[in-house]
Amino acid sequence: MKNTNPIHFLLLSTLMMVVSSIEIIAQEHHEEERYVPETDTIVLKKLEEWQNLKFGLLMHWGTYSQWGIVESWSLCPEEYEWCERKKGTNPNDYNVYKKEYEGLKKTFNPFNFDPEKWAKAAKNAGMKYVIFTTKHHDGFSMFDSKYTNYKITDSETPFSKNPKSNITKEIFDAFRKETFWTGAYFSKPDWHSPYYWDPYFPPKDRNVNYQPEVYPEKWNKFVAFTHNQILELLTDYGKIDILWLDGGWVSKSPKKDILNWYERKLQKEQNGYLKHRMVNQDIKMDELVIKARKKQPQLIVVDRAVHGKNQNYLTPENRVPKKPLPYPWESCIISGGGWSWTPDAKYMSGREAIHTLVNIVAKGGNLLLNIAPNAMGEWDEGAYILLEEIGEWMKINSEAIYDTRSISPYKFENICITSKKDGTVYLIYLIEEGRTEIPSKIMFSGYVPSDKAKLKLLGFDIPLKWIRKDNSMEINIPEKIKTQLLNTSAFVVKINK
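Quick note on this note's numbering: the sequence shown kicks off at 1 and runs consecutively.
Simulated from the structure, these hints should not be mistaken for lab results.
Cβ coordinates follow ideal geometry from the N, Cα and C atoms, glycine included.
Warning: the hint list may mix true and false statements.
Unchecked claim - Below 16 Å or equal to it, Euclidean Cα-Cα: the simulated EDC-like pairs (lysine to aspartate or glutamate) are: (1) 252 with 198; (2) 363 with 413; (3) 120 with 378; (4) 294 with 40; (5) 456 with 432; (6) 309 with 282.
Unchecked claim - Simulated restraints on C-beta separations: (7) 433 with 34: 30 to 38 Å; (8) 487 with 461: 36 to 44 Å; (9) 497 with 476: 15 to 23 Å; (10) 456 with 409: 18 to 26 Å; (11) 201 with 402: 47 to 55 Å; (12) 95 with 414: 52 to 60 Å.
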């Protein structure tokens with residue numbers, strides 16, 4: 001039944017105006033004030049180096065790839081269309097579903113696992129670091145942890161007999177050989193652990209299913225379990241550059257303020273879920289970081305979505321901020337399908353990926369592009385095609401990406417701009433799909449170099465003529481190369497002052 005009372009319409013309109021105003025405030029609050037700078041000089045140096053890398057690989061992989069479903073989330077008793085239970089013999093019976101989901105470890109056998117092939121393809125695309133899901137929220141460890149049997153190397157898992165069974169170690173070793181930085185994605189919540197989801201209590205949502213204050217001994221066991229697993233990764237798996245922690249709701253109770261409701265809304269828009277409860281889940285992050293950096297002194301820690309000093313850089317999820325952000329940040333973006341492997345995934349085009357990378361870098365961020373292996377331990381062919389297209393462009397234009405920073409104006413129409421410490425500036429002209437011609441003269445407003453500046457196109461040994469027009473520069477594009485430029489996703493004008 002529809003309510004047509006005019007008073008209700010008035011109240012609704014007023015509420016929408018208030019919502020709109022608070023959203024604007026909250027967006028600024030979220031993207032400009034939610035960062036606490038690091039003070040450790042060693043880590044600051046490492047963070048500066050990380051900002052030069054610009055392009056990384058994220059991989060979501062676990063037993064769930066056998067079903068081709070959203071990673072972990074179907075275990076969570078929160079109702080969302082995107083993680084609806086559809087697999088198993090009786091998806092309507094939660095207990096049966098959970099048992100069968102966790103039983104996937106007994107059939108997980110990715111016998112075509114070849115991390116060296118992945119590392120080479122990622123390197124050829126111009127990627128510089130890798131973040132791998134050592135453990136997602138479901139609690140299945142993709143490494144040889146001595147603190148759980150729910151792991152890839154357990155005797156009940158067929159792949160445990162494979163010489164490459166310690167998947168995390170194999171991935172890190174393969175990518176380091178290709179000079180990659182390595183990062184361990186690790187989920188703070190663990191829905192398999194009896195110290196997080198106590199079997200006595202039915203889980204209500206993503207949070208711990210008991211009150212830690214009421215059962216402190218149980219909670220302290222979970223804290224110790226979490227610390228031990230993370231320290232394992234930082235001890236037995238070589239040099240780890242980044243500890244990338246997910247599950248931001250596992251933290252001290254957040255400060256409750258007028259913007260909290262919007263941050264929950266924003267979280268749903270960005271991550272696909274909404275935090276229903278706020279439970280004090282103090283994982284003792286300060287203590288953990290101290291212990292972690294004794295193992296790995298230069299370690300960058302990313303305690304995602306938790307405001308404080310242990311979030312060394314921020315991670316907008318599957319979105320690109322509208323403007324440059326005044327702190328280190330990285331957009332994690334799905335390349336095709338979902339975060340985890342899905343059947344018949346459609347991958348973004350090389351043009352779309354290149355434009356996304358340029359847009360992010362021009363705003364001062366890094367791109368972390370997700371590719372998900374399947375149950376056999378393979379990437380889709382579409383992923384390789386995508387990386388090859390990116391790599392072909394990067395071979396010519398990567399100097400406009402690496403070691404650069406944002407400069408005002410970061411973008412004018414379809415031209416992005418980056419700069420280097422030595423004063424070199426790059427104008428990156430984005431060519432949209434379906435474009436039929438390149439103009440003979442390109443205008444760029446808001447930035448004009450000195451009159452002695454020399455311009456050239458990357459990939460061409462041709463100097464470019466230009467003139468100053470008020471607060472703009474007009475660049476002449478030679479007719480003989482316009483067809484070649486039209487066949488690229490973007491071309492770069494290098495400006496030497």
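Status of each hint after checking the structure:
1. The straight-line distance between the Cα atoms of residue 252 and residue 198 is roughly 20 Å, outside the 16 Å bound, and the hint therefore fails.
2. Proximity of residue 363 to residue 413 is assessed by CA-CA distance (about 14 Å); at most 16 Å being required, the pair is judged to hold.
3. With a C-alpha separation of about 14 Å, the suggested pair residue 120 and residue 378 falls inside the 16 Å cut-off, and the hint holds.
4. Under the criterion of a C-alpha separation no larger than 16 Å, the hint pairing residue 294 with residue 40 is consistent with the structure, at around 13 Å.
5. Note on residue 456 and residue 432: the hinted pairing is violated, with a Cα-Cα distance of about 22 Å set against a maximum of 16 Å.
6. A threshold of 16 Å between alpha carbons decides the hint, and for residue 309 with residue 282 the separation of about 15 Å falls inside it, so the pair holds.
7. In this structure the hint that residue 433 and residue 34 lie 30 to 38 Å apart at CB holds, the actual value being about 35 Å.
8. Checked against the hint of 36 to 44 Å, the pair residue 487 and residue 461 fails, with Cβ atoms roughly 18 Å apart.
9. Distance hint check for residue 497 and residue 476: the Cβ-Cβ separation is about 19 Å, which falls inside the suggested range of 15 to 23 Å.
10. In this structure the hint that residue 456 and residue 409 lie 18 to 26 Å apart at CB holds, the actual value being about 22 Å.
11. For the pair residue 201 and residue 402, the beta carbons lie near 50 Å from each other, so the given range of 47 to 55 Å is met.
12. For the hinted restraint 52 to 60 Å between residue 95 and residue 414, the CB-CB distance of approximately 54 Å keeps it satisfied.
Consistency with the previously given hints fails for numbers 1, 5 and 8, ordered from lowest to highest.
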